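If you read the protein sequences in the order shown, they are chains R and X.
Residue 78 in the numbering used here is what sits at position 78 of the first sequence, and the numbering runs on without skipping anything.
If you want the numbering used here, it's the 1-based position in the second sequence plus 1000.
Bear in mind the hints are in silico, worked out from the structure with no lab data behind them.
Small disclaimer: the values here were computed from a predicted structure and weren't measured.
In this text, a Cβ means the ideal position worked out from N, Cα and C, and glycines have one as well.
Among the clues, some could well be false.
Some chain X residues flagged as far from chain R (calculated, every beta-carbon gap over 12 Å) [claimed, not checked]: (1) Arg1012; (2) Ala1028; (3) Asp1082; (4) Glu1083; (5) Val1085; (6) Glu1127.
Distance ranges between label pairs, derived from CB positions [unchecked claim]: (7) R:Ala16 / X:Lys1079: 40 to 46 Å; (8) X:Asp1134 / R:Ile45: 57 to 63 Å; (9) X:His1206 / R:Thr82: 17 to 23 Å; (10) X:Asp1134 / R:Val27: 40 to 46 Å; (11) X:Lys1079 / R:Gly73: 37 to 43 Å; (12) R:Ser52 / X:Ile1145: 55 to 61 Å; (13) X:His1206 / R:Gly85: 55 to 61 Å; (14) X:Pro1120 / R:Arg86: 29 to 35 Å; (15) R:Gly73 / X:Lys1215: 31 to 37 Å; (16) R:Gly85 / X:Arg1041: 46 to 52 Å; (17) R:Gly73 / X:Ile1145: 30 to 36 Å.
On the chain X side, residues computed to face chain R include the following (Cβ under 10 Å) [to be verified]: (18) His1204; (19) His1206; (20) Val1231.
Here are the chains, one letter per residue:
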Amino acid sequence: MTPQRAETLEWLVQRASAAVLAICVIVHLAVIVLAVQGGVTAKEIAGRVGGSIPWLMFYSVFIIAVALHAPAGLRNILREYTPLGRRATHWVMAAVCALILVMGFRAVIGLYGLGA
Amino acid sequence: MSNDTLTVEIWRGQEEGRFDTFQVPRMASQTVLDIVTYVQRNLDPGLSYRFACRVGVCGSCAMTVNGKPRWTCRTHVDKVADEGVLRIQPLKNLPVIRDLAVDMTDFFEKWTKAKAHFVPTETRHDEFAQVSPDDAKRKEASAGIECINCGVCYSACDTVAWLGDYLGPAALNRSWTLVNDARDGGQTERLKAVAGVGGCQSCHSHQSCFELCPKHLNPTASIAGLKRATVKAALKGDI
Chain R
1 MTPQRAETLE WLVQRASAAV LAICVIVHLA VIVLAVQGGV TAKEIAGRVG GSIPWLMFYS
61 VFIIAVALHA PAGLRNILRE YTPLGRRATH WVMAAVCALI LVMGFRAVIG LYGLGA
Chain X
1001 MSNDTLTVEI WRGQEEGRFD TFQVPRMASQ TVLDIVTYVQ RNLDPGLSYR FACRVGVCGS
1061 CAMTVNGKPR WTCRTHVDKV ADEGVLRIQP LKNLPVIRDL AVDMTDFFEK WTKAKAHFVP
1121 TETRHDEFAQ VSPDDAKRKE ASAGIECINC GVCYSACDTV AWLGDYLGPA ALNRSWTLVN
1181 DARDGGQTER LKAVAGVGGC QSCHSHQSCF ELCPKHLNPT ASIAGLKRAT VKAALKGDI
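Generate coordinates for the entire structure from the input sequences, incorporating the hints supplied.
Structure follows, in structure tokens:
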């Protein structure tokens, strides 16, 4: 794949993941606002997301979208504010992507497991 | 300050330098270029600056006026010297040769890098191409075609300041007009040239180019067009 094609597709992935995130963040904020009515407890959270396949799927999509979107944005910042080259920023991006996926899925799978 | 003179601060030197202050008589309909010319002819013959046509056609006389890049020959002092002071500097994002004259080499080299030149597909023996003024692509090309290469957009652009390789609004705008030229034969190479690092995807859509373009062009919209065109080409595997 040419660098031009790779960069352009990365840009497309950043935009497409932003569109997914727009929906995910709205749902996420709405749930927070509704859940804190009358106080929020760990038990209540576990009761909602624990063992729930729909919430598992929702948060999985959310994490994947973040893992694709955030590293692309960080990469642009690194390019504009540091002397790092194309290859170096790729590795930083891959590491951030992996970190978000590992931390995110650890949390989501952990919460899902509370309902078992 | 009396009403019949204007305090003018003009940059002297290169990257390192100082402001010299002059008192210049006010006149009706006076332009910023009139002011600079008055200083050079009457107060300090050593002042370096660049101009040619004086009527907004050649794009030679752009300078930074009270913080913003302007075409000085068509910028009336009344419109920009609201505090009664005029501070004139060279364009930003380009190396200063001396005083108000900048080296435009990078600016024009980026036009070449962006393949912002027409690639003919026919010869003088062929019939003239028939392009309707109502054609959608012709309208896109017409919207961006009146660029005078003054460098105001390039000087106003934050991305040019941050990312040295960025081709800049003017070169990308010209590429977009050619992407919409039905007669042009260099499309794939051009899209390759404007995609990726330093290309159209680097634009943050701050729209300073649109805000300050003296010809009221919209390079940001042209760059958005290039983003769509390069994405289509990347999905097809053309670039």
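Practice item. State, for the Cβ atoms of His1206 (chain X) and Gly85 (chain R), whether the hinted interval 55 to 61 Å holds or is violated. Key: 25 Å Cβ-Cβ, so the 55 to 61 Å window is violated.
Point to revise | Whether the CB-CB distance between Gly85 (chain R) and Arg1041 (chain X) falls inside 46 to 52 Å | key: Since the Cβ atoms of Gly85 (chain R) and Arg1041 (chain X) sit about 49 Å apart, the hinted range of 46 to 52 Å holds.
Check your understanding: Arg1012 (chain X) clear of chain R by more than 12 Å, beta carbon to beta carbon?
Key -> holds, 31 Å
Practice item. Could you say whether the range 57 to 63 Å given as a hint is met by the Cβ separation of Asp1134 (chain X) and Ile45 (chain R)? Key: holds, 60 Å
Practice item. Indicate whether the distance between the beta carbons of His1206 (chain X) and Thr82 (chain R) respects the range 17 to 23 Å. Key: holds, 21 Å
Practice item. Starting from the range 37 to 43 Å, see whether the pair Lys1079 (chain X) and Gly73 (chain R) falls in it by beta-carbon distance. Key: holds, 38 Å
Check your understanding: Between Ala16 (chain R) and Lys1079 (chain X), does the C-beta distance stay in 40 to 46 Å?
Key -> holds, 44 Å
Exercise for review: With 12 Å as the threshold, tell me whether Glu1083 (chain X) passes as away from chain R on beta-carbon distances.
Suggested key: holds, 33 Å
Point to revise | Given as non-interface: Glu1127 (chain X), which should sit over 12 Å from chain R by C-beta | key: Its Cβ never comes within 12 Å of chain R, the nearest being 35 Å, so this holds.
Exercise for review: Indicate whether the distance between the beta carbons of Gly73 (chain R) and Ile1145 (chain X) respects the range 30 to 36 Å.
Suggested key: At roughly 34 Å between Cβ atoms, Ile1145 (chain X) and Gly73 (chain R) fall inside 30 to 36 Å, so the hint holds.
Point to revise | When the least beta-carbon distance from Val1231 (chain X) to chain R is tested against 10 Å, hint result | key: holds, 5 Å
Point to revise | Exclusion check [Asp1082 (chain X) not at the chain R interface, CB over 12 Å] | key: Since the minimum Cβ distance to chain R is about 33 Å, Asp1082 (chain X) lies beyond 12 Å and the statement holds.
Checked against the numbered hints above, the structure breaks hints 13 and 19 and satisfies the rest.
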